[in-house]
Amino acid sequence: MPTLDMEVTVNGRDVKRRATTQMRLLDFLRNELNLTGTKEGCGAGECGTCSVFVDGKLVKSCLMPAAKANGAEIETVEGLAKRGELTYLQRAFHKTGASQCGYCIPGMVMAATGALRENPHAGFDEIKERLGGNICRCTGYSKIFEAVELARDAMNGSLPTTALEGPGAGDSFIGNNVRRLDAPSKVTGALKYAGDMVMPGMLHMQVLRSPVAYALIKSIDISEAEAMPGVECVITADDVPGEDGFGVFVHDQPIMARGRVRYVGEAVAAVAAEDVETAMAALGKIKVEYENLPAVFDPEVAMAPGAPVLHDYAPGNIVKHIPIRKGDVEEGFAEADLVVEEDYGTQAVEHAYLEPEAGLAYVDPDGVVTVVSPSQNITHHRHMLAKIIDQPINKVRFIMSPVGGGFGGKEDMIYQGMLALAAMKSGQPVRLVFTREESIVSTAKRHPARITYKMGLKNDGRITAVEFRMVADGGAYGLSTEGVMRKAAILSCGPYDIANVKIDTYGVYTNNTPSGAFRTFGAMQAQFATESHLDICAGKLGLDPFEIRRINMMRSGALTHTKQKLGSVSLGLALDAAEKASNWESGPADVRGSSRSDLGKAGNREPCTLGSRIRASDGAGGKKDVA
Amino acid sequence: MSSKCRGRGMAASWYGIARTATIDRAGAWAEIDDGGTAKIVTGVTEIGEGILTVLAQIAAEELGVRPEDVTIGDNDTARSPEAAHAGATRQTYMIGNSVALACRDARVRLDSEIADHWGVDAGSLKAFNGEIWAEKTNLKMTMEEAVDICKKRGVVPVGSGSFTAHGTGLDPEDGSGSPWQAYVYGCQVAEVEVDTVTGEVQVLGIWAAHDVGRAINPRGVEGQIEGGVVQGLGQALMEDYKLEDGHTTTHGFAKYILPTSLDVPQINSILIEDPDPLSPLGAKGIGEPSLVPTAPAIMNAIYDAIGVRITSLPATPEKILAGLVAKRERQGTRRHAAE
Numbered sequence: 001m002p003t004l005d006m007e008v009t010v011n012g013r014d015v016k017r018r019a020t021t022q023m024r025l026l027d028f029l030r031n032e033l034n035l036t037g038t039k040e041g042c043g044a045g046e047c048g049t050c051s052v053f054v055d056g057k058l059v060k061s062c063l064m065p066a067a068k069a070n071g072a073e074i075e076t077v078e079g080l081a082k083r084g085e086l087t088y089l090q091r092a093f094h095k096t097g098a099s100q101c102g103y104c105i106p107g108m109v110m111a112a113t114g115a116l117r118e119n120p121h122a123g124f125d126e127i128k129e130r131l132g133g134n135i136c137r138c139t140g141y142s143k144i145f146e147a148v149e150l151a152r153d154a155m156n157g158s159l160p161t162t163a164l165e166g167p168g169a170g171d172s173f174i175g176n177n178v179r180r181l182d183a184p185s186k187v188t189g190a191l192k193y194a195g196d197m198v199m200p201g202m203l204h205m206q207v208l209r210s211p212v213a214y215a216l217i218k219s220i221d222i223s224e225a226e227a228m229p230g231v232e233c234v235i236t237a238d239d240v241p242g243e244d245g246f247g248v249f250v251h252d253q254p255i256m257a258r259g260r261v262r263y264v265g266e267a268v269a270a271v272a273a274e275d276v277e278t279a280m281a282a283l284g285k286i287k288v289e290y291e292n293l294p295a296v297f298d299p300e301v302a303m304a305p306g307a308p309v310l311h312d313y314a315p316g317n318i319v320k321h322i323p324i325r326k327g328d329v330e331e332g333f334a335e336a337d338l339v340v341e342e343d344y345g346t347q348a349v350e351h352a353y354l355e356p357e358a359g360l361a362y363v364d365p366d367g368v369v370t371v372v373s374p375s376q377n378i379t380h381h382r383h384m385l386a387k388i389i390d391q392p393i394n395k396v397r398f399i400m401s402p403v404g405g406g407f408g409g410k411e412d413m414i415y416q417g418m419l420a421l422a423a424m425k426s427g428q429p430v431r432l433v434f435t436r437e438e439s440i441v442s443t444a445k446r447h448p449a450r451i452t453y454k455m456g457l458k459n460d461g462r463i464t465a466v467e468f469r470m471v472a473d474g475g476a477y478g479l480s481t482e483g484v485m486r487k488a489a490i491l492s493c494g495p496y497d498i499a500n501v502k503i504d505t506y507g508v509y510t511n512n513t514p515s516g517a518f519r520t521f522g523a524m525q526a527q528f529a530t531e532s533h534l535d536i537c538a539g540k541l542g543l544d545p546f547e548i549r550r551i552n553m554m555r556s557g558a559l560t561h562t563k564q565k566l567g568s569v570s571l572g573l574a575l576d577a578a579e580k581a582s583n584w585e586s587g588p589a590d591v592r593g594s595s596r597s598d599l600g601k602a603g604n605r606e607p608c609t610l611g612s613r614i615r616a617s618d619g620a621g622g623k624k625d626v627a
Numbered sequence: 001m002s003s004k005c006r007g008r009g010m011a012a013s014w015y016g017i018a019r020t021a022t023i024d025r026a027g028a029w030a031e032i033d034d035g036g037t038a039k040i041v042t043g044v045t046e047i048g049e050g051i052l053t054v055l056a057q058i059a060a061e062e063l064g065v066r067p068e069d070v071t072i073g074d075n076d077t078a079r080s081p082e083a084a085h086a087g088a089t090r091q092t093y094m095i096g097n098s099v100a101l102a103c104r105d106a107r108v109r110l111d112s113e114i115a116d117h118w119g120v121d122a123g124s125l126k127a128f129n130g131e132i133w134a135e136k137t138n139l140k141m142t143m144e145e146a147v148d149i150c151k152k153r154g155v156v157p158v159g160s161g162s163f164t165a166h167g168t169g170l171d172p173e174d175g176s177g178s179p180w181q182a183y184v185y186g187c188q189v190a191e192v193e194v195d196t197v198t199g200e201v202q203v204l205g206i207w208a209a210h211d212v213g214r215a216i217n218p219r220g221v222e223g224q225i226e227g228g229v230v231q232g233l234g235q236a237l238m239e240d241y242k243l244e245d246g247h248t249t250t251h252g253f254a255k256y257i258l259p260t261s262l263d264v265p266q267i268n269s270i271l272i273e274d275p276d277p278l279s280p281l282g283a284k285g286i287g288e289p290s291l292v293p294t295a296p297a298i299m300n301a302i303y304d305a306i307g308v309r310i311t312s313l314p315a316t317p318e319k320i321l322a323g324l325v326a327k328r329e330r331q332g333t334r335r336h337a338a339e
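Here the protein sequences come in this chain order: S and C. Under my numbering, the residues of the first sequence are numbered 1 to 627, in order. Under my numbering, the residues of the second sequence are numbered 1 to 339, in order.
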């Protein structure tokens with residue numbers, strides 16, 4: 001591999017290192033200089049987590065070849081402040097709670113630093129635009145904006161620096177805006193996520209993934225890959241010593257495909273080698289013979305007789321059906337003055353946490369198989385892995401590394417099993433870091449759902465009956481589908497007191513990317529339909545949206561759709577609070593946007609007009625480019 | 001006539017706290033440590049929601065130390081009691097309450113020694129912010145001194161806690177059951193601007209009122225609401241994981257569009273505290289519930305603005321424009337029929 005001698009200044013120090021010509025600046029900083037505060041989020045210049053300054057200009061270091069930075073002065077998040085100190089901006093991020101998972105935060109701090117260097121008096125809209133190249137999935141950006149404005153004002157002296165300090169003890173630490181204890185480690189890039197961790201003798205894993213949606217695996221030949229210099233082991237389903245299967249509810253997914261692949265991106269084999277490049281090259285030497293099977297991509301088709309069957313235990317492809325029955329819906333509809341029917345659809349959604357999956361596994365000197373990963377459920381993963389590797393439960397140890405965003409997407413044990421098997425087979429620590437593309441194709445999504453809704457109401461707005469049917473695409477494996485169907489069903493018809501309900505939710509196997517846990521666990525899809533439907537009905541009855549909800553809302557002591565007697569119900573408080581805070585003007589839900597008088601008042605943000613708000617800094621003259 | 005139409009919509013929501021339709025449990029250990037510091041051990045770490053800070057606040061409040069004196073470890077199945085998963089809006093409720101119980105247990109040990117040392121009733125002891133005192137006396141010392149005295153008397157002030165949430169399974173025929181012991185409710189109002197030429201929707205304001213039981217860290221709760229709202233906005237307007245015969249066509253962030261700083265409205269959070277009567281802290285949760293009403297509130301606002309009902313997410317510019325065309329055709333037909 002061609003190399004070149006790099007001479008750069010990094011955070012004020014001269015550095016000489018040999019780099020390969022294919023190395024990105026990001027790799028050079030992280031792997032050669034161990035400056036892991038600069039994170040990789042997408043590898044494509046889209047997310048900004050890898051932002052650094054090169055000769056004072058903000059760049060995305062995943063897009064810059066290291067060679068191109070030769071001779072340059074580089075500044076990373078580690079160099080912004082002296083060790084043990086924080087810049088004004090970092091302090092402001094700490095103060096406002098601008099970091100949550102923290103993975104995007106080093107890049108965000110760099111972009112914000114760039115914004116205020118460019119224009120120390122940048123206004124709100126300019127700050128917003130200058131952060132436009134950095135994605136954050138946790139915070140909703142609001143506390144980040146607040147932090148940048150706070151830092152700007154403290155730096156300009158229009159606010160005292162005490163504004164950056166935390167609150168006092170007051171009378172209690174409950175209800176107190178105590179500053180996040182983990183923030184300093186996040187705003188400085190000091191916190192190590194799994195992909196930042198290294199161990200002596202550590203191997204690097206790469207995963208061979210299915211290129212087809214549904215096929216029999218006729219054969220896997222790993223001999224050539226195994227024989228490659230630098231390759232320590234190749235693993236397939238044959239290496240699983242115990243009962244192979246994981247999932248949050250039903251354990252239907254093997255660690256690696258066993259006899260059949262059921263979706264594009266499913267793991268088929270994995271290589272552990274002395275470096276990533278060798279592992280990747282070895283993947284190309286693994287020969288897999290597939291025999292395509294007829295696949296099914298639509299859940300309604302998958303439920304129909306004669307559809308291809310994905311899992312032998314579920315001949316109708318139903319992962320889970322949850323029925324809820326209360327009262328008599330036919331009577332309820334007969335009693336209604338108005339019956340409204342509508343269909344709703346929601347799409348598959350990617351979690352898009354900024355930290356792609358990563359993990360590190362090793363077997364400790366006492367023979368304990370240890371997996372370090374950003375798992376959202378180490379307790380359950382330990383149980384499952386013990387069975388899979390046929391070990392007593394105390395010989396399996398899971399350590400939860402800082403999670404760079406989860407949202408349910410890291411509840412599935414989608415790669416930890418491969419790491420454990422490779423560590424057991426090679427006897428060495430093994431690390432796997434997903435690329436963004438790998439994360440997107442191989443991990444769970446929010447269940448796409450189709451909902452059929454029928455609601456009966458009296459003229460006064462009272463709901464007499466609801467019939468609710470949801471069919472959700474569970475994809476190729478069960479993961480959390482059962483639980484998602486349950487929660488969707490329980491919460492489906494919303495917090496409304498309805499005497500007659502008939503609810504059915506179905507999670508269905510298809511050859512699509514599996515669906516799994518995602519923040520709200522089915523409740524979002526179901527309540528999107530209910531809340532849209534209520535407005536449609538309110539429009540037909542000439543009712544205000546708040547009014548129709550108040551008429552029907554559950555009150556303290558009400559029976560839920562599953563006939564649970566509730567204690568205190570705070571819905572009325574929430575309706576009152578939102579109506580009052582927004583200064584809502586009452587009126588029927590019937591396209592009154594052009595006539596209502598409560599629009600454009602306090603509490604809104606100005607509409608965004610891209611690029612128009614970047615102003616030249618004082619005295620500099622002319623338009624500045626956004627780096 | 002301007003091509004920009006504004007409108008408002010609202011939506012309500014409900015949500016259950018902790019694991020669904022089953023018993024939920026979590027454990028924790030606590031130790032009041034040398035120097036008036038504290039150790040809290042439970043098998044979970046931060047996924048970004050702020051749980052470590054919340055646990056430190058709870059421990060500080062219960063033990064009488066300061067949050068910065070609390071060390072939280074150890075997210076490790078071999079070194080800490082079971083906490084189970086970081087999800088289901090269960091962290092503050094399950095882990096928070098188990099930490100509170102563990103701290104109370106440790107305080108019983110400490111207080112018993114200190115009460116004996118001072119010759120007062122243990123019930124008269126109060127501790128806060130690094131100091132412990134006996135009410136209605138002038139007896140007061142630092143927690144550092146208190147731990148020292150306790151240990152010199154041969155006692156390490158440790159404690160443990162286990163918290164249970166009693167959900168029951170659903171009947172397989174009619175679904176009846178009590179899936180959660182704590183519920184939360186919320187309501188959001190959205191104000192949008194729709195460009196009828198391009199079909200683009202901008203959300204300008206969100207008013208989000210959510211019951212959280214008791215806000216341990218109000219700023220942290222706001223952060224959860226803001227994050228949830230923006231994820232809801234992403235799903236409402238732009239995010240769409242697409243497949244063609246099982247192959248994704250949205251394999252990176254250039255194709256899978258996420259909300260950026262330019263897409264976010266002003267988010268106005270209103271916290272409602274209706275305390276949970278079944279747990280020591282009264283706190284419930286907010287992680288997931290904050291996302292639920294956002295997309296329907298935005299769809300209802302779009303309808304209010306332009307009279308187009310989007311029933312299939314996301315509300316892309318293409319769907320908005322198609323909806324406007326269909327609406328014009330409907331109106332045209334109606335006019336035609338009326339003539």
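A portion of the hints provided could be inaccurate.
To be verified - As a list, the in silico DSS-like pairs of lysine-lysine whose alpha-carbon atoms are at most 25 angstroms apart:
#, chain 1, residue 1, chain 2, residue 2
1, S, Lys563, S, Lys580
2, C, Lys327, S, Lys540
3, S, Lys458, S, Lys601
4, S, Lys395, S, Lys425
5, C, Lys126, C, Lys151
6, S, Lys454, C, Lys4
7, S, Lys454, C, Lys319
8, S, Lys192, C, Lys126
9, C, Lys126, S, Lys540
10, S, Lys601, C, Lys4
Stated by the list, open to error - Distance windows between CB atoms, simulated:
#, chain 1, residue 1, chain 2, residue 2, range
11, C, Lys242, S, Leu216, 24 to 30 angstroms
12, C, Ser3, S, Ala81, 44 to 50 angstroms
13, C, Asp121, S, Pro160, 43 to 49 angstroms
14, C, Asp121, S, Ala81, 25 to 31 angstroms
15, C, Arg153, S, Asn31, 41 to 47 angstroms
These are calculated hints, taken from the structure and not from any lab test. In this text, a Cβ means the ideal position worked out from N, Cα and C, and glycines have one as well.
For each hint, the structure was consulted:
| no. | hint | in the structure |
| --- | --- | --- |
| 1 | Lys563(S) - Lys580(S) | 32 angstroms, violated |
| 2 | Lys327(C) - Lys540(S) | 17 angstroms, holds |
| 3 | Lys458(S) - Lys601(S) | 35 angstroms, violated |
| 4 | Lys395(S) - Lys425(S) | 16 angstroms, holds |
| 5 | Lys126(C) - Lys151(C) | 19 angstroms, holds |
| 6 | Lys454(S) - Lys4(C) | 33 angstroms, violated |
| 7 | Lys454(S) - Lys319(C) | 24 angstroms, holds |
| 8 | Lys192(S) - Lys126(C) | 39 angstroms, violated |
| 9 | Lys126(C) - Lys540(S) | 60 angstroms, violated |
| 10 | Lys601(S) - Lys4(C) | 16 angstroms, holds |
| 11 | Lys242(C) - Leu216(S): 24 to 30 angstroms | 27 angstroms, holds |
| 12 | Ser3(C) - Ala81(S): 44 to 50 angstroms | 48 angstroms, holds |
| 13 | Asp121(C) - Pro160(S): 43 to 49 angstroms | 46 angstroms, holds |
| 14 | Asp121(C) - Ala81(S): 25 to 31 angstroms | 51 angstroms, violated |
| 15 | Arg153(C) - Asn31(S): 41 to 47 angstroms | 54 angstroms, violated |
Hint check: violations occur at hints 1, 3, 6, 8, 9, 14, 15; the rest are consistent with the structure.
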